[in-house]
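Chemist: Residues per chain are reported as follows:
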Amino acid sequence: MTGQGKHPLHRNRLPALLVLLILLSGCSANMPGFMNPQGPVAEAQRHHFWVIIALVMIVVIPVIIQTPLILWRYRYRGHAVYRPKWYMSRWLDIIMWAVPILIVAILGSYIWRQTHELDPYRPIAGDQPPLEIQVVGYDWKWLFIYPDQGIATMGQLVVPVNRPISFELTSATVLQSFFIPALGSQIDVMNRMVTRLHLKADHPGRFEGKNMQYNGEGFHRQRFVTRAVDGDAFDDFVKRTRQLGQPLDQSVYRIIAQKGDNRDVARTLGLDTDDSDAVIRFSTVPDGLFHTIMTGSPIDWSAMTIPPPQQGTTRTSVIGAPSDHDTASSSDHPSSSHERKEAQP
Amino acid sequence: MSSRNTHSLEGNSRHPGLNLGPAHAQEEDTREEMVFGFWVFMMSDLIIFGLLFATYVTMLGGTAGGPGPKELFEMKSAFIETMLLLTSSFTFGMASLALKYREDKTRLVFWLVVTLLLGVAFLFFELKDFHTMFDKGGVPSRSGYLSAFFSLVPLHGLHVTGACIWLLALLGQMTVHGLDAPVKTGILRLAILWHFLDIVWIGIFSLVYLGGLS
Amino acid sequence: MRDAMSSIFGRLGWDALPFWSMLHDHSAMTIINGIIATGAASMVVIGALAAIVLVTWLGKWKYLWSEWFTSPDHKKIGIMFIVIALVMLARAIIEAVFMRAQQAVGLDGGFLTAEHFGQLFTTHGTIMVFFMAMPFLTGIINYVMPLQIGARDLSFPVLNQVSLGLTAAGAALVMISLVLAPFSIGGWTGYPPFTELSYNPGAGVDYWIWAVTLSTLSSTLTGINFAVTIFKKRAPGMKLFRMPLFTWTALCTAILMIFGMPPLTVATGLLALDRYLDFHMFTTDLGGNMMNYVNLFWAFGHPEVYILILPPFGIFSEVFATFSGKRIYGYKLLVIATMCIAVLSFTVWLHHFFTMGQSAHINAAFGIATMLIGIPTGVKVYDWMLTMYRGRIRLSVPMVYAIGFIMLFVLGGMTGIILATPSVDYQVHNSLFLVAHFHNMLIPGLLFGMLSATNFWFPKAFGFRLEERWGYRAAFCWIIGFMLAFFPLYVLGLMGMPRRSVAYFEPQYLPWMITAGIGALVILCALLCLLIQLWVSIRDRHANNVFAGDPWDGRTLEWAVSAPPPEYNFPVLPEIYSIDAFMTEKDRGQGWQAPDRYEDIDMPANSALGVVVAVTGLAMAFGLVWYMWWLVIGAGLLTLVAVIARGFVRQTTRTISASEVQRTHEHWLEQVRRTTPIKRSHEQSTANHGLPVPPIEGAVQ
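Residue numbers (UniProt numbering), protein chains in the order written: chain A, 1 to 345; chain B, 1 to 214; chain C, 1 to 701.
Keep in mind the hints are simulated off the structure, nothing from the lab.
Treat the hints loosely; a few may be bogus.
[To be verified] Okay, the calculated bits of chain B under chain C, using three or more residues with CB under 8 angstroms as the criterion:
hint : segment
1    : 40 to 52
2    : 58 to 71
[What the hints assert, rightly or not] Once the Cα atoms are required to be at most 27 angstroms apart in a straight line, the calculated DSSO-like pairs of lysine-lysine come out as:
hint : chain 1 : residue 1 : chain 2 : residue 2
3    : B       : K136      : B       : K70
4    : C       : K232      : C       : K76
5    : C       : K232      : B       : K100
6    : C       : K239      : C       : K332
7    : A       : K85       : C       : K239
8    : B       : K76       : B       : K128
9    : B       : K128      : B       : K70
10   : C       : K232      : C       : K332
11   : B       : K136      : B       : K76
12   : C       : K679      : A       : K85
13   : A       : K85       : C       : K332
14   : C       : K60       : C       : K76
We treat Cβ as the ideally placed atom computed from N, Cα and C, and that holds for glycine.
Chain A with its partners taken away, still in its complex shape:
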C-alpha cells in the first residue's frame, strides 16, 4: 500500500478507528471502491486520503495518547503536582496555534494543487483521443450514449482500457450523482445542466457503478456494471451492439422515461431479466438526443435522424406494449419531467 508506507505512526496503539483503517489497508485487495483503485483518478484519491490522514495524525495522536496519560497522572488520588490557579503558558500557546496553522498551510497548498489536478472537468492526458460518453440519469437507471459510435446502452457501461473517457452528464429527472468508485470521482447530474467528468481505467475488469444521491424508492437499485475491456473487445462490443440492439426510438424512449430500474426496462422490452447485469443495447440513437433531454424541450422525434434499423432487432414487436410490468410507474403523478415539459410553450 502506498499509503501505509507513508505513516509508520499507525503502528502505535491507537483506538478502534485506526485499527480498522489498518485492517482496511490490509484487506483492501478484495474491497470494492477506491481502496482498490482501477484508474489513475481513484489511485490519486487513495494517495491523498492517506497523506491527509498522516498529516492530521500529528495533531490527533498526541490527544489520543496524552489524554489517558494525563487522566492517570493527575487522578484525584494521585500524588502529582497540583496547580489549581495555573492557566496560561505563552510557549504552549504558541506551539498550540503554530502547529495546526503550519499543518493547515501545508494541507492548503497541497489541496490547492490536487484539487486542480483532479478536477473532474479536466481532461486526462493519454495517447489516444478520449472516448466521448453521454450519460443521462433517469429515475433509477442510467442511459449511456456513445455519440461517436451512434449506439447506447443501459445497465452496463463498457469502456476501453487505457483510453481516457470524457463524460457529459445530465439528468432527465431530479438531482442524482453518477459514481464509479473504483475509477474515481462522482459528479452530480442535474436536469437543464451538463456536468463533466473525466476518468480512465487502467485494468480490465468489472466495477460497480451507482447513483449516490437519493432520488426515491428505486434509488438503491440504480446500479450498473462498468466493464473495462481492451481496445479490440471494445470494438467488438460496438459491433455487437449495432447488430443485436434495437433502435432507440420514440416508443422505446417512452419506456425508458418511466419510473423503474434497468430490469424493469429490460422486462418491458422483452429482454432476458434473469441476469441483473445484463446489458440493454440500442443500435441507433437519434442525433442530439442528449442535448434535447438536457434543455428539456420536447423531443421532436420526426425531426430526429434515425438511421434505418439494422438487423437483429426482432424484438421490436414487444416494445409497443405499455408498461404494465413497470412496478414503479403506478404512481398517479407525471412519471417524469420531460413529459411535463411538453406542456411548456
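Based on the hints, put chains B and C in the right spot on chain A.
Modeler: Here is chains B and C on its own, set in the frame of chain A:
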C-alpha cells in the same frame, strides 16, 4: 454596568429617541433592551431580504421565454411608490420628533395617521402594479424570474402591511392607555421597522425596477 | 357532500391512516410495514392519552397551567425544552435502530419498504437536528446562562414562551405525521427538485417544510433573546471577559442563530411557494434553479453545525475545569477560538456540495477555508487537555462523557478534514463515510455534551444528584455503542456504499452492517440506562438532595444559589470581580452570605401567549399540510389577535416582596449552616448535600 443603579434620570433620557418620565428607572432599562432587541431582529430580517435579493439576481436569466422586466414594469408607478414611501419615512420622522419634544399627543397622532395613509397608498399602488403585471401575463407560475420577483417584492409589501397593522394597534393602545412607556417604545421600534422597510424598498427600486428597465 | 367534506378536511382522507394500505394490499411486505407504522402511531396516541389521563387523575391540570405552561420563568421553560428534546430523542433513536436492523439484513432485501425507510431516515434526521439537538441546547442555555451571568431572567420572557410554543408545535406536527401519515422521504435536507410537487405530490414534504419552519422561527427568536440577554442583563461587574465559557459559547450560538436561521426560512419558504402557489424557484422547468436551494440550505446548514457544537464546547469547558479542580486553561484564547469558529462557519457552506460541478478554484478555496476551522478547534482540544494537566481529576459521569468526547471528536475532526479535501470528497461524498463523520461530530460532540450537561446541572435544577452507577453505565454504553455503530460506516463509505440505501447487493458490506446493527442495540441499552438512571435518582432523591446548591465545588455563579434556585435566582444581584466568580467568593470566604438589605423584586407575570402560539401554530401548519384552508385562516387570525391583544396588556410584572425574599433566603442559609461540608472524595456519596469544604490555597479538596 453598575451605572444602571446609579445613573441620573434628570433631564433627557439616555436613549436618544425616548422621553420617559423620571419615575421610570427600571422601566427604561427594559425599554432600552426592547429597542436593542428589535435592532437585532432587524438584522435577522435583513438577512432574509439580502438572500432574496441575491436569489433574484441569480434568477434574472430564468425568464423561460416569458415576459421580462421591460415588458412588465412601469417606471412611473414605481416612482410614485418610492415617493410615497420616502415621504412616509419623513412623516414618521416628524412623528418621532413630536414624541420626543412635545407633551401633547395630537401632533404625534397627526403625523402617525399621515404615515399610515401614505403606507396604505403605497400598498394600493403596489397591488395595482401587480394587477397590471398579471394582466400582461406576469404571473409567478410563468417563470423562475417572475417567481423570484414575487417572492421578493410582495414580501416587502407584506412587511409594510404588518407595519400598518402595528401602527393601528399602537394608536389603539394610545387610546386605551394614553401615551405611556410601552406605547412610546412601540412607536420607537415601529420607526426602526418603517425606516428599514424604506431602505429595503430603495434596494428594490434600484435593483429590480431601475436595474430591470435600464 | 364530497365538496363539503373536502372543504373541511382538505385532502386528508382515510388513506392517511398507517394501516390503510394494509387493508387493501395483503402482500407480506405491506403487512409488516403496516404493522410497524401502526405500532408507532398507536404509541403516539396511547402516549398522549396516557399523559392526559394521568394528569387528570392526579388533578394537576391547574398546576401545570399556572406553574409550567404559562410560566415565563427561564428555568421552567428550559426544562420544558429539554423534556421535548428527550421525548424526541427516544423516538429518533428507535427509528435509528429500525434503520440499522433493516440494513443488517438488507443484503438484497430486508423487511422495510423503500418508502418506509425513506420516512425513517428523513424523520430521524429532521428530529435529531431540529427537535432534539436544538431544543436540548436551547433548554440548557435557557436554564444555565441567566444564572451564570447573574440575571433574574431573559430579556424577553414572553418571547421565550413563544419560542417554546413554536418548537412544541413543530415537534407535535412531526408526531402527528406518524398517525396521519406520511412524512417526507426527501431526507432532512429536502433537496428539490425531488421535493417539488411534481415528484412528491403527497403531504409528506409539506409536513417537513412546516415542522422545520416552525423550529427555525423558534430558534431565530431564541437567538435574539439570548444575545440581548447576554449583552444587556449581566450582573454588575460581569464584563464580557469575565463571563463563563459556557455563556460565551451561548453568545456565539445565539449570534449564529440570528444570522444562520434566516437562510433556512428563505429556503423552506420558497420551496413552500413552489409547492403551494406554483412558483418556479427550484423546479427543473420554466427557469427554476435547484442550486439556489442547495446554497440557501447550506448557508444555514453550516452555521447550524456550529450552533449545535459550540454550546457543548462551553459545557465541556465548565466540566473539565470543575472536575479537574482547576481554572480553565487559556480562557482568553478559548474565547477567541470560539469567536473564530463562529465567524468562519459562514464561509464554508460550499463544502457540502463539492460535486456539483463548480470550478476547481472555488472548491479548493472552500476546502481550505474549512480546514481553517480546524485550527481553533484543535486549539480548544489542547486547551481542555491542559486544563486537566496539573489538576486533580475526578472521573464523574459528566467527565466520562467529556473524555469520550475529546478522544472521539478528534477522530471525527480528522475525517472532517478528509471530507474537506475536494479530491477525496469526490469519493466519499454522499456515502456512509459522510454519515459516519457527522454522527462522529454530533454524538460525541453534541449529544455527549448535552448528557454531560444534564448530569452536571441536574442537581442544580431539581435539588438532587443523578444516580452515578446507572449514569456510568449509560455513558459507557453510549461510547461503546457509538464506536460499534459508526466506525463500520466509515469502512462502508470507503467501499462506496451510498447513504440512504434501503438495501444493497454487495456481500462485502454485510459484516460491517451487522456490527453497526449491534452498535445500535448498545445505544438502545444506553437509552434504557438513562431512563433507569432517572428513575433510580427520583426514587433516592431524599438521600441525594443537594439543597445547599454546590455539589461539585463549582466555579461559576449558578452554584452560588440554592438547588433548585428561587424563581428570582438571586435575592440581590451579585457583584462580579473576576472570572470563576463563585470560586473567587469561596476563596475569599464570602460564599453563602446574607445581603445587607433586601428589596422588592419585579418578576415577569404569567402569560398564555406561548400556549396560544403553540396551538395556533400547530393548527396553521396542520391546515397547510392537509389543505384545510379554513383552519389556516382561522388560526392565523387568532395568532394576530393574540399578539395585538398582548400589546394592550400592561400588567406584565409581578412583585415579590422583600420580606418574602428575605424569608426564603434566610431559610436556605439556615439549611446551609446545618449541612456538613464534604471533601471531593465524598462527592458521589449520600454525604454530598451540596456544600464543599472551604478551599485552602493549593490544597486538594
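Chemist: Taking the hints in turn, state whether each one holds.
Modeler: These are the hints, each one checked on the structure:
1. 40 to 52: holds (count 9)
2. 58 to 71: Check passed, 7 qualifying residues.
3. B/K136 to B/K70: 12 angstroms, holds
4. C/K232 to C/K76: 22 angstroms, holds
5. C/K232 to B/K100: 24 angstroms, holds
6. C/K239 to C/K332: Within the cut-off at roughly 13 angstroms; holds.
7. A/K85 to C/K239: This hinted pair holds, its Cα atoms lying about 20 angstroms apart.
8. B/K76 to B/K128: 12 angstroms, holds
9. B/K128 to B/K70: Holds. B/K128 to B/K70 sits at ~17 angstroms (cutoff 27 angstroms).
10. C/K232 to C/K332: Within the cut-off at roughly 21 angstroms; holds.
11. B/K136 to B/K76: Given pair B/K136, B/K76 holds - Cα atoms ~17 angstroms apart, limit 27 angstroms.
12. C/K679 to A/K85: 19 angstroms, holds
13. A/K85 to C/K332: The hint holds at about 15 angstroms.
14. C/K60 to C/K76: Cα-Cα ~16 angstroms, so holds.
Checked against the numbered hints above, the structure violates none of them.
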